[in-house]
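Asker: Protein sequence lines, in the order shown, are assigned to chains G and C.
Under our numbering, the first sequence has 849 at position 849, and the numbering climbs by one with no breaks.
Under our numbering, the second sequence has 10 at position 10, and the numbering climbs by one with no breaks.
Hints in this document: simulated from the structure, not taken from any laboratory.
Just so you know, these numbers come straight off a predicted model, no measurement behind them.
Take these hints with a grain of salt, some might be off.
Computed cross-link-like contacts, EDC-like style, restricted to lysine to aspartate or glutamate with a CA-CA straight-line distance of at most 20 Å [as the list claims (entries may be wrong)]:
| # | chain 1 | residue 1 | chain 2 | residue 2 |
| --- | --- | --- | --- | --- |
| 1 | G | 1096 | C | 57 |
| 2 | G | 509 | G | 420 |
| 3 | G | 767 | C | 208 |
| 4 | G | 595 | C | 78 |
| 5 | G | 49 | C | 78 |
| 6 | G | 1139 | C | 26 |
| 7 | G | 606 | G | 563 |
| 8 | G | 594 | C | 80 |
| 9 | G | 769 | C | 204 |
| 10 | G | 606 | C | 49 |
| 11 | G | 1102 | C | 208 |
| 12 | G | 1096 | C | 211 |
| 13 | G | 606 | C | 118 |
| 14 | G | 1102 | C | 206 |
| 15 | G | 1155 | C | 78 |
| 16 | G | 769 | C | 206 |
| 17 | G | 606 | C | 87 |
| 18 | G | 767 | C | 206 |
| 19 | G | 544 | G | 530 |
| 20 | G | 769 | C | 211 |
| 21 | G | 735 | G | 719 |
| 22 | G | 375 | G | 412 |
| 23 | G | 5 | G | 453 |
| 24 | G | 737 | G | 719 |
| 25 | C | 121 | G | 602 |
| 26 | G | 1160 | C | 26 |
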Amino acid sequence: MARKKVTIDGNEAAAYVAHKTNEVIAIYPITPSSNMGEWADAWSAAGEKNIWGTVPTVVEMQSEGGAAGAVHGALQAGSLTTTFTASQGLLLMIPNMFKIAGELTPTVFHISARTVATHALSIFGDHSDVMAVRSTGWAMLASNSVQEVMDNALIAQAATLEARIPFVHFFDGFRTSHEVMKIEQLSLEDIRTMIDEELVIAHRKRALSPDRPVIRGTAQNPDVFFQARETVNPFYLKVPDIVQKVMEKFANLVGRQYHLFDYFGAPDAERIIVMMGSGAETAEETVDYLTSKGEKVGLIKVRLYRPFSVKHFLQAIPATVKSIAVLDRTKEPGAGGEPLYKDVVTAISEAFSSGILSLKNYPKIIGGRYGLASKEFTPAMVKGVLDELKKDKPKNSFTVGIFDDVTHTSIEYDPEFSIEREDVIRSLFYGLGADGTVSANKNSIKIIGEETDFYAQGYFVYDSKKSGAVTVSHLRFGPKPIKSTYLIDKANFVACHQWVFLERYDMLKNALPGATFLLNSPFGPDEVWDKLPKTVQQQIIDKKLKFYVIDGYKVAEQAGMGERVNTIMQTCFFAISNVLPKDEAIQKIKDAIKKTYGSKGEQIVKMNYQAVDQTLANLHEIKVPNKVTSNIELEPVMSDPRAPEYVRNVLAKIYGGLGDTLPVSAFAPDGTFMTDTARWEKRNIALEIPVWDPEVCIQCNKCILVCPHAAIRVKVYDEKYTAQAPPTFKWTRVKGKEFEPNMVYTIQIAPEDCTGCGLCVEVCPAKNKTETRLKALNMADQIPLRITERSNYDFFLELPEYDRAKVQINTVKGCQLLEPLFEYSGACSGCGETPYIKLLTQLFGDRTYIANATGCSSIYGGNLPTTPYAKNKEGRGPTWSNSLFEDNAEFGYGFRLTIDKQHEFAIELMQKLANEIGSELIDAIINADQSTEAGIAEQRQRVTLLRQRLVSINSPEAKQLDAIADFLIKKSVWIVGGDGWAYDIGYGGLDHVIASNRNVNLLVLDTEVYSNTGGQMSKATPRAAVAKFAAGGKPVAKKDLGMMAMSYGNVYVAQVAFGANDLQTVRAFIEAEAYDGPSLIIAYSHCIAHGINMTKALENQKAAVESGHWPLYRYNPVLLKEGKNPLKLDSKAPTISFKDYAYLETRYKMLTKSKPEEAKRLIELANKDAKLKYHLYEQLATIRYNGGNGEQK
Amino acid sequence: MDLSTNYMGLKLKNPIVPSASPLMYEISTIKALEDAGASAVVLHSLFEEQITHEALELNYLTTQGSESYAEALTYFPEPEVYHLGPDEYLNHIRAAKDAIDIPVIASLNGVTTGGWLEYAKKIEQAGADGLELNIYFIPTNPNQSGVEVEQLYVDILRIVKSEVKIPVAIKLSPFFSSIANIAYKLDQNGANALVLFNRFYQPDIDLETLDVVPNIFLSTPQAMRLPLRWIAILYGKIKADIAATSGIHNAEDVLKMLMVGSSVTMMCSALLKNGASHITKVLDEMQKWMEEHEYESVRQMIGSMSHKSVREPAAFERANYMKVLNSYR
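Turn these sequences into a full structure, and let the hints steer you where they fit.
Answerer: Structure (structure tokens):
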């Protein structure tokens, strides 16, 4: 029977089988596994049934720990149950995994294996997570390709039911989970045939039931636990044979034969590699190539890793083998070797000592690490490893793929070695996140995969920035199955979808001689050549490239598609590449358009059709001149001579895409990086930037506050400095009696750091009196302004900061004169979170510790190459760290424990050294009032004096005191994270920390959805809003975190929305920090995941407040102590309905389009929620506290 | 007492038709209007912008930021189906047809001869008994002549007429150099009725924010003077039926409009203000007046006070102006 061919990624392949073979699915989003849960949820929402004809229940839990608990319970009650996770998520499941295995419960967890965070977090793939669950007693089955993911998902499911041992089915995160491949889809009949109904019924019969009651999960004592634990041995002993039996059955049914260990290569191989995961595909491809050249090499792919069957492993090794390299995609520091290596050594050693080793001699066995966090693993590296095995003394515990110049573990390989086949079309596409390049390429792969006999593979490399993000698509098509699990570096087709990339990336270095280069160019066929950078011209000539241009922007504009050039560039690809006959290709593109956009309205379909039809007329082949005419040079990145050497030598390489070339010695061994580095990037991503009109400006500084990227700045300074100002630098007399008469005022734009979001222009209240369309800030094209504004900004930065001690910080105008120590982050253009972080760094940044929960804020805060956290001229600034997603409150609390302890210890030491230091200084330090900037400045001077005195004291106490004296200056602890952390996964910790009475400040950047992982529902998601896992609208109301915190009485709580009331926001931050106890600020953060026009986002914030959905308030326990009502409601009673607010946002509105009746019902309930919430707060704010003694008068 | 009338080929039981307004959003309200005595309803408008932009906007807002960052390749679940504005509107027509027995007139509102006009056909297929074209065009281009503007109206009408068999009415604004002429042209090109007049949203200015604020006031009874004159003038000069709209609040207003030549009178502000039951009240008062004044039927009075039927036609013309001036003396 011919099976359907589908072109899907690894996650979809796993989810497909999981959804068909389970009844309950409990998940929690984590990259790169989130999509599996999303697929399952989408299918269940659409009524897709499993093989037993029922729609699986899919639930999202509050953490992976919660998901594992729910899975455990559902299994115990008799449902076939599964989950999907990765990395830290898998680690959080470990306690339940021990239980599930200990109780011999059949289930399969599908894991897109991802790096576990150590010195740094990484979302990418390796086996450190799955290796961390080796001791849980689960069977572990590895899949190396998308096809294998689908096959093994079923094999694991069939085997677990028979073996009663739970299975971890894993495949490489991103490389396999996100690689799009043409595969054969298993039919429902296949799945039914593989799953034994009797075993399913047996599972149900073992379940807990009051109708045949038993108990499990008992507590056992030293007398019996051990024996009871050994009862499971027979089950583990049977697993390998069961899995092999299932593999045989699968082979008979489907035709693809797997073994526990599969051998590839020369039957008489002398050198072999043992490994598992996607890298094994590359190894197989390389071994094939090398054996065809006569080399005696081979490869063992490990499929069933646990239980590790020595018997089956030995059977797989050719008797001729002399040396073995075992490759582990994980690192176990301190171990005698990585896990797979040790298993192989043990197996060979056991076989040798028991006399069953079939090899002539005991082989040389070396172990090595490769591919951590999706580091490329290429045929060149495979060959490097096999070559290493030729040596008399091959390196053990080696690394491959990096240059280790510290402990010299790395082995050498020839990076130029390539085995790409002639019959494979290899294409590279450089696109901008917003232009639809990736979506179009995914469509192209589907077209080729599903409409031709070609095999197709697509892999997509995304940016670590969320604004101005670059995507690179790697597409391979060919007549044979594609096993190249590495990026394309020798392409026969290179497309550049954005002109600006020409100046930024050397994309033609990957073009093969004679390759085709397609460029989206705003310049026509006659003028384009002269506009190209010199190196681009040179490479086109040298490599004899065929060069095509199209003005995709023009075609898109004419078709009404804005900036989305996706279908246009896709059409060009098909027209030039001849993968399909042109007309047929165009028809297929149109079919794909219909399929993709059909549900979104005819208009979009038509518009795309029109774009396709107009493309060919606008596509031109350029006759390449034979000499270089251009003087345009590629601008080196992060090359400012003023930048620290580390920035220029290391971070610049990472930024420029050359991170792979950096050696081990380039990095601190403990994951430490300098701050203040985003300033050197100069990304130039804004098409338009604001231009200041000092004549119109009323100097309110609102623009400064709302800027998400700190790219618009203000300074008040002595007029004398203007004498050296560049010619176009602007200033005006400062307004306000608080300033000295000689002071002037400048608003300056950072032209190369601005993202062009336009929020500053939107918030600007000042209009030009003669032409009201103009404000004090107006957007203008960036390019003509770049050079002049660059020098203006440089000059501006050199101007002195306004004296912090003189600033009226409790006003918007005042506090915005403080220097931001958070700048130019890679957050989305117009981000609603970053203005809050920037504000906190302005107010307290020079003495702030930030504990940052994993999420958007940890990504734009700490994703390499640079960090937006900055330092002031004195070298002070926020110190920042990210521990985990779930423990952030506790992590920050730990900061405070140390600060308090060291402060106490410093005082004790001072007192011990009272005679030498002098009691006057000690008293002044201990009793210092540090509630103002001036007070803090004075304390800094006292501590400096203290240090000076300590120099002359020769005692251990003096040395200790010198080390911790900084703790005598007031410190501010900020615990920052999103709603996923605060409301869900980290809530338990948050709750404990606010109940502690320690002086910590928790800032919840509430986007009401998991933004960083792509819009999954959280408990902060409001009723009626659509999110992933709430496709039908969230049915229950948002959790009132503020109310819960207020119930303690000792917690300062504020709810703020800077777009609705910036002054209230500023005051809340100041009060929270001043309060000597726990403070919680819940900050409304508009987000791209709301489906809003980000430029108009401040209107959304206002509407959220006006509707009563987001009442602004401050609950200050200090007032309680004064006998007053601690709650102050800062927003008025609702003036618009919740509906009027909600339907400004797609997250609510789309439900009216998908489920109109349900939308109507939920919006009514949400209307009531908003009204009730406001009225409740209103009443609480008006309660008389009668002196706070708890008695009624 | 015979209150029935004919309008664009539809036989109506009385001349009171609620016009396009937010009252038409809910089927239950439409049903209440029928129960109160409405003889037909004109549904709220399907706007050209809804047809051309809604899908694009939704697509843009649900896909912005997608496929650019590895952890968040999308931000929204993908629903199986979207019920976009145009489809919702067609469903609404069907639902209205199922719920009530009186004719349902749909309304299309737009200004170009573009693709949105295809919806006329879909509206017909959805079961509408008639179609009102609300051409809401503000000519701001000083190079565009009155003739060109008028031609746009004619072109839109012709396209629609070629698409559908159901009767088509055109709702006009009063801002033409020659109302009579444009009415005649539309009549010649097949308009089954003219609806006089459209009230444009008149913008206001907020002095504090210096913003232009879109604003609409409910009509006052004074507003009916403008259509009253022009209906009187047009009656009998064109084949198309005439519907009066603007400022019709009570029975007297209805009677006056009928007398100058309207086949039906359309109500909006009065119903928004007083609710559906206002129709019953107006019908009662109308009947009472007709009984008192010994009228037998509505048909009898339609056009009885039109330009061609009154003793002093000049009263509808410049002379009327002179008369008003004289009255000041």
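Asker: Indicate, hint by hint, whether the structure satisfies it.
Answerer: Here is what the structure says about each hint:
no., hint, in the structure
1, G:1096 <-> C:57, "holds, 14 Å"
2, G:509 <-> G:420, "holds, 16 Å"
3, G:767 <-> C:208, "holds, 10 Å"
4, G:595 <-> C:78, "holds, 13 Å"
5, G:49 <-> C:78, "holds, 18 Å"
6, G:1139 <-> C:26, "holds, 16 Å"
7, G:606 <-> G:563, "holds, 17 Å"
8, G:594 <-> C:80, "holds, 14 Å"
9, G:769 <-> C:204, "holds, 18 Å"
10, G:606 <-> C:49, "holds, 16 Å"
11, G:1102 <-> C:208, "holds, 18 Å"
12, G:1096 <-> C:211, "holds, 15 Å"
13, G:606 <-> C:118, "holds, 13 Å"
14, G:1102 <-> C:206, "holds, 18 Å"
15, G:1155 <-> C:78, "holds, 12 Å"
16, G:769 <-> C:206, "holds, 14 Å"
17, G:606 <-> C:87, "holds, 17 Å"
18, G:767 <-> C:206, "holds, 13 Å"
19, G:544 <-> G:530, "holds, 17 Å"
20, G:769 <-> C:211, "holds, 12 Å"
21, G:735 <-> G:719, "holds, 14 Å"
22, G:375 <-> G:412, "holds, 16 Å"
23, G:5 <-> G:453, "holds, 10 Å"
24, G:737 <-> G:719, "holds, 16 Å"
25, C:121 <-> G:602, "holds, 15 Å"
26, G:1160 <-> C:26, "holds, 12 Å"
Going through the hint list in order, the structure satisfies each hint without exception.
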